[in-house]
Amino acid sequence: MTLFALFRKELRSYFVSPLFYVVAAVFFCLCGFFFYTRLIFFVEYGFGLNILGNFWLAFLAGAPYSISMVMLLVMPLLTMRLFAEEKKLGTIELLLTYPLRDRTILGAKYAACAAVLLVLLAGTLCYPAYLQTLQPLPWVALLSGYLGLLFLGLSFIACGLFVSSLTENQVVAAIGTLGILLLFWVMTWNEAATSPQALRVLAQLSMFDHFESFARGVIDLKDVLYFLFFISFFNSLTLRTLESRTWRGR
Amino acid sequence: MIEVEHLTKQFGANRAVDDISFQVGRGEIIGLLGPNGSGKTTIMRILTGFFPPTAGQARVAGVDVTTQGLELRQLIGYLPESTALYPDMRVESFLRFCGEVRALPRARVRERVAAVMHDCGLNEVRGRLIGKLSKGFRQRVGLAQALLHEPAVLILDEPTVGLDPRQIIEIRSLISGLRGRTTILLSTHILPEVSTTCDRVLIIDRGHMVAEDTAAALSRKVECSERIMVTVEGPAVSVCAAVGAVPGVDRVELKNGAAEGATSLIAYSRVADASVRRAIAAEVVHHGWGLIEVRALPLTLEDLFVRLVTEEGTPGPP
Chain A
1 MTLFALFRKE
11 LRSYFVSPLF
21 YVVAAVFFCL
31 CGFFFYTRLI
41 FFVEYGFGLN
51 ILGNFWLAFL
61 AGAPYSISMV
71 MLLVMPLLTM
81 RLFAEEKKLG
91 TIELLLTYPL
101 RDRTILGAKY
111 AACAAVLLVL
121 LAGTLCYPAY
131 LQTLQPLPWV
141 ALLSGYLGLL
151 FLGLSFIACG
161 LFVSSLTENQ
171 VVAAIGTLGI
181 LLLFWVMTWN
191 EAATSPQALR
201 VLAQLSMFDH
211 FESFARGVID
221 LKDVLYFLFF
231 ISFFNSLTLR
241 TLESRTWRGR
Chain B
1001 MIEVEHLTKQ
1011 FGANRAVDDI
1021 SFQVGRGEII
1031 GLLGPNGSGK
1041 TTIMRILTGF
1051 FPPTAGQARV
1061 AGVDVTTQGL
1071 ELRQLIGYLP
1081 ESTALYPDMR
1091 VESFLRFCGE
1101 VRALPRARVR
1111 ERVAAVMHDC
1121 GLNEVRGRLI
1131 GKLSKGFRQR
1141 VGLAQALLHE
1151 PAVLILDEPT
1161 VGLDPRQIIE
1171 IRSLISGLRG
1181 RTTILLSTHI
1191 LPEVSTTCDR
1201 VLIIDRGHMV
1211 AEDTAAALSR
1221 KVECSERIMV
1231 TVEGPAVSVC
1241 AAVGAVPGVD
1251 RVELKNGAAE
1261 GATSLIAYSR
1271 VADASVRRAI
1281 AAEVVHHGWG
1291 LIEVRALPLT
1301 LEDLFVRLVT
1311 EEGTPGPP
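Chains A and B, in that order, give the protein sequences.
Just so you know, we're using my numbering here: the first sequence kicks off at 1 and counts up by one.
Just so you know, we're using my numbering here: the second sequence kicks off at 1001 and counts up by one.
Hints are supplied without guarantee of correctness; some may be wrong.
[As the list claims (entries may be wrong)] When the alpha-carbon atoms are kept at most 25 Å apart in a straight line, the in silico DMTMM-like pairs for lysine to aspartate or glutamate are as follows:
1. B/Lys-1132 x B/Glu-1081
2. A/Lys-88 x B/Glu-1092
3. A/Lys-222 x A/Glu-212
4. A/Lys-87 x A/Glu-212
5. A/Lys-87 x B/Asp-1088
6. A/Lys-88 x A/Glu-10
7. B/Lys-1135 x A/Glu-168
8. B/Lys-1255 x B/Glu-1226
9. A/Lys-87 x B/Glu-1081
10. B/Lys-1132 x B/Glu-1100
11. A/Lys-88 x A/Glu-212
12. A/Lys-87 x B/Glu-1100
13. B/Lys-1132 x A/Glu-10
14. B/Lys-1132 x B/Asp-1199
15. A/Lys-88 x B/Glu-1081
16. A/Lys-87 x B/Glu-1092
17. B/Lys-1132 x A/Glu-168
18. A/Lys-88 x B/Glu-1226
19. A/Lys-88 x B/Asp-1088
20. B/Lys-1132 x B/Asp-1119
21. B/Lys-1135 x B/Glu-1150
22. B/Lys-1135 x B/Asp-1088
Hints listed in this document are in silico derivations from the structure and should not be mistaken for laboratory results.
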């Protein structure tokens, strides 16, 4: 009940601010542009036998012209204000002196941002729906890819919430989140730069590698666990940050 | 209702609150008086469970602030400093949100929101965005938010700061109207505020408790000012000389800004009763000058602090 009230408040504040609409417009414009150009590219030149399958892999996961890259750019903008704004306005003091547990506050913010993510992802479903009218689609692989996008987005939110809880400056929160996410994303891009042993560890940390198998239509427990761990790791860091008011300065 | 024992809060090397103890009875209105940075907000944040004290104990209605955070926050209504509210919410929906977050039943939320909007005079702005309200109205929304669940204890951090005089009077009468209904702890750095609204006053300076007094005793101290404002229609030099010669007056200080032909000055005296003012008036009349005013200047908070600190010999930290 209290969680739901908080959730509604958070969700409302997304939809009353122009930020969401600007972010959504950018998101859909870029996704639409990439969809169109990638599709033309794959249809013209065709790679391998499974042209459409390859197209979807590239459109969901291929850098940099993919939904996942656009998400990487816009998600920090959706998470930046969640704690930073409350700290700036001082309203965090109000929330923290209401009979609410820290994890309720975090949960409501997380859920509201996740709902916004769902709205964005649902919007992109018009692309496969459109292609379906031309040719039958590999729906199972596609759904797996969307599950991957969801996990990816939820991980971005967890990281963004954490950085937002550290600062009262929204720009700092957004740039910090982008930096961390980008690092996790590109960790394995330059394979020549590290030793093979280190690469094996880095590959396990890299978000991109775990996401790519989803986009290929493979749901592996290992990848699911990676994202769940990533999300709970950052959420527990956020809780520690909220809690820090009780032990800082002792 | 509120019991505070040897409360200490340390921020790094800075001791914001140092060994403060006090008690507040049920239904009392207590003022925490002190200059900015004296530790008022820190005390209030400890009492609201925002953070725990470094040492010492505090209980509100028997509930420990450190270990029983959630129960504590049910009991308390808190108006934070500078009234932080969500600017993008409308008054009524914000208050409803506050009720829901406090897990009040739906019917009770509706009833209480209507009640506090009426009590705080918010009906005319119920549909307005909080961010677009005047500061006075925002302060009332903050107060309404704190009153919503009929808390046993109301903690108000500088409820009148930044308001214009009319709004200050409104907020004060609102607070006075709560007398007897709940226990109130409010902080301020404005002296008249405590004498008009509070039963008892705790004076805090740099984390230390300097004095604890009833408002009546405090206002006696305030009225016993040794600074007397005198305005006379007469030549500055001779007026100064004449007033300066009155028994009980130590020295006089000429003030600028008097009207044409008049002289304004401040007489300093160590005798803090009406006899000096009477003597000055008699002296002026004796010289045949027009007497425009003789009045004791109210003590400023700075004066009071200086006096309290020197009188009671409390050593402040360096």
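Hints, one by one, checked against the model:
| no. | hint | verdict |
| --- | --- | --- |
| 1 | B/Lys-1132 x B/Glu-1081 | 19 Å, holds |
| 2 | A/Lys-88 x B/Glu-1092 | 23 Å, holds |
| 3 | A/Lys-222 x A/Glu-212 | 13 Å, holds |
| 4 | A/Lys-87 x A/Glu-212 | 37 Å, violated |
| 5 | A/Lys-87 x B/Asp-1088 | 15 Å, holds |
| 6 | A/Lys-88 x A/Glu-10 | 16 Å, holds |
| 7 | B/Lys-1135 x A/Glu-168 | 23 Å, holds |
| 8 | B/Lys-1255 x B/Glu-1226 | 16 Å, holds |
| 9 | A/Lys-87 x B/Glu-1081 | 13 Å, holds |
| 10 | B/Lys-1132 x B/Glu-1100 | 24 Å, holds |
| 11 | A/Lys-88 x A/Glu-212 | 38 Å, violated |
| 12 | A/Lys-87 x B/Glu-1100 | 22 Å, holds |
| 13 | B/Lys-1132 x A/Glu-10 | 20 Å, holds |
| 14 | B/Lys-1132 x B/Asp-1199 | 35 Å, violated |
| 15 | A/Lys-88 x B/Glu-1081 | 13 Å, holds |
| 16 | A/Lys-87 x B/Glu-1092 | 23 Å, holds |
| 17 | B/Lys-1132 x A/Glu-168 | 22 Å, holds |
| 18 | A/Lys-88 x B/Glu-1226 | 45 Å, violated |
| 19 | A/Lys-88 x B/Asp-1088 | 14 Å, holds |
| 20 | B/Lys-1132 x B/Asp-1119 | 21 Å, holds |
| 21 | B/Lys-1135 x B/Glu-1150 | 24 Å, holds |
| 22 | B/Lys-1135 x B/Asp-1088 | 15 Å, holds |
The structure fails to meet hints 4, 11, 14, 18 from the earlier list, while all remaining hints are met.
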